[in-house]
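*Asks:* As a plain string of letters, each chain reads:
2 protein chains.
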Amino acid sequence: MSLLKDKKRGGEEKCPHPKKSGLFSLTSSVHKSYHIGFVRRVMCNGTSEDSLFSVPLEHLCPPLQSVVQVNFFCDYEESKGNYLVDVDGNCMLDVYTQITSIPIGYNHPALTKVMTDPKNMGTFVNRPALGMMPPEQFFEKLVNGLMAVGPKGFSRVQTMACGSCSNENANKAIFIWYRVRAGPWISGVLLFFFQVPGCPDLTLLSFMGGFHGRTLGFLATTHTMAIQKLDLRYPLDQFERENAQEEACCLEEAEDLIVKWNQKGRHVVGVVIEPIQAEGGDNHASFDFYRKLRGITKKHGCAFLVNEVQTGGGSTGKFWAHKHWGLDDPADIVSFSKKMLTGGYYQKDGFQPDKQFRIFNTWLGDHTKNLLLTEVIKVIKTENLLDQSKRSGKVMLEGLYDLQDKYPHLLSRARGIGTFCAIDVKDEDTCNNLILKARNKGKTLSMKKPREEPGSEGWPVLFWLCWLEIKGIWPLRPDGSSRCS
Amino acid sequence: MSLLKDKKRGGEEKCPHPKKSGLFSLTSSVHKSYHIGFVRRVMCNGTSEDSLFSVPLEHLCPPLQSVVQVNFFCDYEESKGNYLVDVDGNCMLDVYTQITSIPIGYNHPALTKVMTDPKNMGTFVNRPALGMMPPEQFFEKLVNGLMAVGPKGFSRVQTMACGSCSNENANKAIFIWYRVRAGPWISGVLLFFFQVPGCPDLTLLSFMGGFHGRTLGFLATTHTMAIQKLDLRYPLDQFERENAQEEACCLEEAEDLIVKWNQKGRHVVGVVIEPIQAEGGDNHASFDFYRKLRGITKKHGCAFLVNEVQTGGGSTGKFWAHKHWGLDDPADIVSFSKKMLTGGYYQKDGFQPDKQFRIFNTWLGDHTKNLLLTEVIKVIKTENLLDQSKRSGKVMLEGLYDLQDKYPHLLSRARGIGTFCAIDVKDEDTCNNLILKARNKGKTLSMKKPREEPGSEGWPVLFWLCWLEIKGIWPLRPDGSSRCS
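Quick note, the sequences are listed as chains V and W, same order.
Under the UniProt record's numbering, think of the first position of the first sequence as 1, with each following residue one higher.
Under the UniProt record's numbering, think of the first position of the second sequence as 1, with each following residue one higher.
One or more hints might be untrue.
The list that follows gives simulated cross-link-like pairs (lysine-lysine, BS3-like), each with its CA atoms no further than 25 Å apart [claimed, not checked]: (1) V:113 / W:119; (2) V:119 / W:119; (3) W:318 / W:264; (4) W:318 / V:119; (5) V:119 / W:80; (6) W:378 / W:80.
Worth flagging that the hints you see were computed from the coordinates, not collected in a lab.
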């Protein structure tokens, strides 16, 4: 922190209650707009809500990167369990968990043990090209890690570095699968020039509000969209009839698009969907919707890619959100990342490319993440965290229902499954205020601005994202307090 | 290795000279074809060259992944410096270094020290979302790591997970840079439906034989190619006149393409190139070619993206290969990965996107890699490894010249800069034999099959890739031997 500290030595007044002398909490203000990048000091006693600096964060940090997205700087050595500690020593119940990517809390002893085990040293210091020169225990770790929680019916797993490249490569696997079935592979020369027939016009169907990554492929190859956006009423079980009607329209349109694009010769060879549209604003659908969509993909010979990057890992109360659908054959490929620590995807046998190096890159993930994941999975199983997630989620969702009953002019559409919960807030200012107040009361939340879509109602959505509550089984603060003061 | 070992307990004969009892080296045979995936036992005494199994590797490993690309399984705890040890204990001089991604050898003490430092524990166990909640020392590590070797004139750096997503995001940064200069950003609604003008028809010019990643974007958005492939004669300095003519043709065609595509309204907003086409077969060009190409990009207002994923990190004798060009303003964006341990790119101020979350993902790299990289850079500087790379490269290239003089019917076109050297071998069988024999003599090499391009002469190229020789300063085997027997 010395860089930041040095920058602060310019005569500005110091926080009266810092936990660490001379350090300031650099918190993006959410007062004026969605993360506008101005700093504020957050004192330990929570009294500093209005003490905004008018100094942009850029002026306090070396100008190496955009810092407008930075919420605050963290002390990861001091953070524990569900509690995130910032550089001032402020301790917050973390309901955002690094964009839902911390599976069993901060500094879990099972994970620190992996790090201090001398026999893991070589793996952490030397990163192998896993596709060509894997370490001795590579397959063993895959069997005890990823395959130990692999969805039923999936015999294969391909590791990748992150969620975006997992989805991109899953898409490639689908295109290759289709081409190989369609006949002999076209000469590389034509592929090389991106011309048909070597580079055929294949289509992946995705849904409005879906989010599958920010790399160019998944921005560029999402050719068609089911324009009929699901606009359901919550709680889902109280509006079953209305929602079923809405879902039927959407399914009809999806099938219609598949037929039309196939007729145009731009074959819809796959459909990609999230079990809950997370980045899109925590949009849920009924399990029956997914069952019927899966039926449509089978009817038309489309591969079904279920993107569990955000939903996988246990926060819905099952290890994979698609397990809630209760299907024997729920998907052809399931992609993951975030709480799984490594990116990658499970695939059925048929999706293994026919030729080597089609799905490939230098590292193909990071074996250190497999080591850590193996322990994460053990902890989730032995400590029964999926049940814990259901129990905590129930408490959380009931709390959200109570809140929206109490403040119907501010809050609406509380929804969730497990700890994967959300509620809509009236407008952006209210939402920003709520997040700021929650932070100063020791909870860090996230919000999602709605996309500028036609027909969007402009309501910011507040996330309470994806959180395995482990306080019960690994108590950090037996008194239940979440504040450091 | 127990999984593999268990699979082997089927009555097959055991290696007579295993270093570790009961373990076999699972080495892809390169006898029959390029990595066909059959196993062979490699004994420590190097006598087993012909003892091929006819058992596909798939039958020995759990069927979780394609293993046709696997060369052999490694013991990363036992590997040291430039020497890679396989699961049988065979010790090989590693001239391939995990597809050129190991910067200062295996298990370097400076890196093991990072791992055993208790204050780094939190970083290794808790992976932060670096864009939103960076750790205390984040900018400090960037300043002492990536920025300590940042190319001149680059004030900003964006970390990413790997080379492909570094290039993809660099491309996005270029498109955004162009659009922002061209006028106010088009409404998100149009972008959302991938229609013009919200999704304008922008073009990135790349070169035949160039390789920038396997994700969909860089496969799909490489719209146009300079068809005139550089076909130079080596050594470059002996054929200056002929090569200059060839390069002039290519430059003329590149400029012509920029003009034509601009006229078509599909603006060429950037040009992407590697300082040496590595995956494409170690194709070099004169420094003057790059200087002139840079001039063309400036003349036509194209951003110049220099892809140093393969060439960066010191193996050419300078930290960045583009430094050999001797330009004050060599590039607008420089991407990296591999030996830099983290992916990412340096960019000039103007390429910082105007809005937040345009260039973003959950992790934005991995801070553990920044910790390790900081030490790597210290070692390269204090131990003067760039000079070492020049010296070792000179010895290596002279050796290659001698070899091709001695075996002109088998070898040709020896070329290289620093330790980034290559030589062409007559045909695939000869190349496979050479790699296999080298491995059994304790050296692991790589080969690159030429792409099926129009006009390709079908000669496999043998890589001796990207290698920082550190034996001199950190002797593993003072007697200079590279064999374990």
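*Asks:* Given the proposed pairing of residue 378 of chain W with residue 80 of chain W, does the C-alpha separation stay at or below 25 Å?
*Replies:* holds, 19 Å
*Asks:* Taking only the CA atoms, is the gap from residue 113 of chain V to residue 119 of chain W under or equal to 25 Å?
*Replies:* holds, 15 Å
*Asks:* Is the hinted pair residue 119 of chain V and residue 119 of chain W satisfied, with a Cα-Cα distance of at most 25 Å?
*Replies:* holds, 20 Å
*Asks:* Holds or violated: residue 318 of chain W and residue 119 of chain V, Cα atoms, limit 25 Å.
*Replies:* Distance of about 35 Å is beyond 25 Å: violated.
*Asks:* So if I understand the rule, the pair passes when the alpha-carbon distance is 25 Å or less; does residue 318 of chain W with residue 264 of chain W pass?
*Replies:* violated, 40 Å
*Asks:* Is the hinted pair residue 119 of chain V and residue 80 of chain W satisfied, with a Cα-Cα distance of at most 25 Å?
*Replies:* holds, 15 Å
In this structure, the hints that do not hold are numbers 3 and 4, in rising order.
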